[in-house]
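Read left to right, the sequence shown gives residues 21 to 417 (the working numbering).
Treat the hints with care, since some could be wrong.
[As the list claims (entries may be wrong)] Simulated pairs of lysine-lysine, DSSO-like, Cα-Cα distance not exceeding 30 Å: (1) K59 to K198; (2) K189 to K170; (3) K231 to K159; (4) K81 to K233; (5) K232 to K172; (6) K175 to K159; (7) K235 to K150; (8) K231 to K172; (9) K94 to K159; (10) K118 to K145; (11) K89 to K189; (12) K231 to K150; (13) K81 to K248; (14) K159 to K362; (15) K81 to K118; (16) K394 to K189; (17) K231 to K59; (18) K261 to K233; (19) K94 to K49; (20) K198 to K170; (21) K172 to K416; (22) K198 to K119; (23) K118 to K189; (24) K119 to K189; (25) K233 to K394; (26) K56 to K261; (27) K177 to K150; (28) K121 to K93; (29) K81 to K166; (30) K189 to K232.
[As the list claims (entries may be wrong)] Just the calculated beta-carbon pair ranges, DEER-fashion: (31) K47 to D376: 44 to 52 Å; (32) K372 to E392: 21 to 29 Å; (33) F87 to L270: 24 to 32 Å; (34) K416 to K269: 54 to 62 Å; (35) V379 to E272: 20 to 28 Å; (36) Q256 to V379: 21 to 29 Å; (37) N77 to T335: 40 to 48 Å; (38) K166 to K49: 41 to 49 Å; (39) R358 to N77: 21 to 29 Å.
The set of hints was computed from the structure by calculation and includes no laboratory data.
Keep in mind that this is a model prediction, so the values were computed, not measured.
Ideal placement from N, C-alpha and C gives every residue a C-beta, glycine not left out.
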Amino acid sequence: MEIFFLINSLWGGGAERVALRLARALKVKKIFLLEKNIKYNSPVQVEILSTHKITTNPFLKTFYIPFYKEKLKKHIHPGSIVISFMERANFVNTLLGKKYKRILSIRQSLLKGRKKIHPYNLLIKNLYPKANLLITNSKALEFEIKVFFKIKEEKIKTIYNPIELEEVKRNSIEALEKYEFLRNYPYLINIGRLSKPKGQWYLLRIFKQLKKKYKDLKLVILGEGELKDYLVELSQNLGLKTYVWDRNKLNESYDVYLLGFQENPYKFIKHSKTFVFTSLWEGLPNVLIESLAVGKTVISTDCRTGPREILAPRTDFLLETNKPQLEEFGILMPTFERKLLKANDPLTAPEKIWIDTLVEVLNNEKLLKEYELKAPSRAWDFHIDKISQQWFDVIKI
21 MEIFFLINSL WGGGAERVAL RLARALKVKK IFLLEKNIKY NSPVQVEILS
71 THKITTNPFL KTFYIPFYKE KLKKHIHPGS IVISFMERAN FVNTLLGKKY
121 KRILSIRQSL LKGRKKIHPY NLLIKNLYPK ANLLITNSKA LEFEIKVFFK
171 IKEEKIKTIY NPIELEEVKR NSIEALEKYE FLRNYPYLIN IGRLSKPKGQ
221 WYLLRIFKQL KKKYKDLKLV ILGEGELKDY LVELSQNLGL KTYVWDRNKL
271 NESYDVYLLG FQENPYKFIK HSKTFVFTSL WEGLPNVLIE SLAVGKTVIS
321 TDCRTGPREI LAPRTDFLLE TNKPQLEEFG ILMPTFERKL LKANDPLTAP
371 EKIWIDTLVE VLNNEKLLKE YELKAPSRAW DFHIDKISQQ WFDVIKI
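Given the sequences, and given the hints that come with them, work out the whole structure.
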């Protein structure tokens, strides 16, 4: 049987990277995109389904779903396996009908953090059960699907995100080129879309306090997104000299470096002091696994879902800490509220905990070294060979 992938776009993100890794491993015939947003190079042929202009209007995006379905059916034949990634693509996939084997890849918490129901809730409840199989990328997410969306247990399976470890390690030793000066400074790194789920405004406020103690410390953030202007303004209002990839002339005098999308983020992780992850909700964050593969200490919110399963695999995946926890493969921290803050807003209780903990960690070279030494062993659990075999097994069901 032929395998096709369906995804919103290849604009740059964790789901897109996973899809491309699996496309190569599963020998996918073609990847269909809902929209012509492409930043990643694909190992297989790509076809665009949309004929309209790209829109950010959520109502229009939902309105187009039946049209995507009809166009997709013209390109694939009955009996084909269609694996979709991300919600809109999943909705399109479910509508194809029983003549196709429809597998949905669920990428992030559908409860969006603090049990707030997502606007797509009604569509999820009505359409997802029509699929042949739902693949979640974390056990906590599988639990959500079963309990909150009442989908039958036999239709759900967890398969973790795959990592091409050899490629990650190979890319991590590449030169930083025009950013080579960063190696002369200790820096924290965060990677993720500049969007609300990633919580980077908290990191900026925390970093401001750390600068009082560590004058040479810098912060590097890789990613693009809709909160760019807000984050830049917040950083500047905090008194941090801020470099923005498409605005400023590069030099080493900045405190914060917003470097936008980087084809190779691993070389930046390699030379950082530690990877700092402030997400408010997730699925199974690739970048945590990739940071472990590079051999880097990871400090992460214990958000729903994913970080705990990666960094503390022997613990209950439903737990959520309200204090620092030095776990087996990284440090789990309290999650923040979802409220956007200003530079002059008082520090929140979680921010204060993060500041104190980061000071302790940055002063503890022994602890950093211990985590760095055992990090790669955890990353091997997500090797593309192991994960792709699990996908082959479910495709045969």
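query: At the C-beta level, are R358 and N77 separated by a distance inside 21 to 29 Å?
result: 22 Å, holds
- prompt: Keeping to a limit of 30 Å between CA atoms, is the pair of K232 and K172 held or broken?
  reply: 53 Å, violated
task: Take the C-alpha atoms of K59 and K198, compute the straight-line distance between them, and say whether it is at most 30 Å.
output: With a Cα-Cα distance of about 21 Å, the restraint between K59 and K198 holds, given a limit of 30 Å.
- prompt: Is the hinted range of 24 to 32 Å satisfied by the C-beta distance from F87 to L270?
  reply: 44 Å, violated
query: If you check the beta carbons of K47 and D376, does the distance land in 44 to 52 Å?
result: 50 Å, holds
field: Pair hint K81 and K118, alpha-carbon separation not exceeding 30 Å
entry: 24 Å, holds
message: Check whether the Cα positions of K89 and K189 lie no farther apart than 30 Å.
response: 39 Å, violated
- prompt: Taking only the CA atoms, is the gap from K56 to K261 under or equal to 30 Å?
  reply: 35 Å, violated
- prompt: Keeping to a limit of 30 Å between CA atoms, is the pair of K177 and K150 held or broken?
  reply: 15 Å, holds
query: When you check the alpha-carbon spacing of K81 and K248, does it fall within 30 Å?
result: Given pair K81, K248 holds - Cα atoms ~23 Å apart, limit 30 Å.
- request: Compare the distance between the alpha carbons of K94 and K49 with 30 Å, and conclude whether the hinted pair is satisfied.
  value: 15 Å, holds
- prompt: Does the Cβ pair V379, E272 satisfy 20 to 28 Å?
  reply: Holds - the Cβ-Cβ distance for V379 and E272, about 24 Å, lies within 20 to 28 Å.
Comparing the model with each earlier hint shows violations of hints 2, 3, 4, 5, 7, 8, 9, 11, 12, 14, 17, 20, 22, 23, 24, 26, 30, 33, 38; every other hint is respected.
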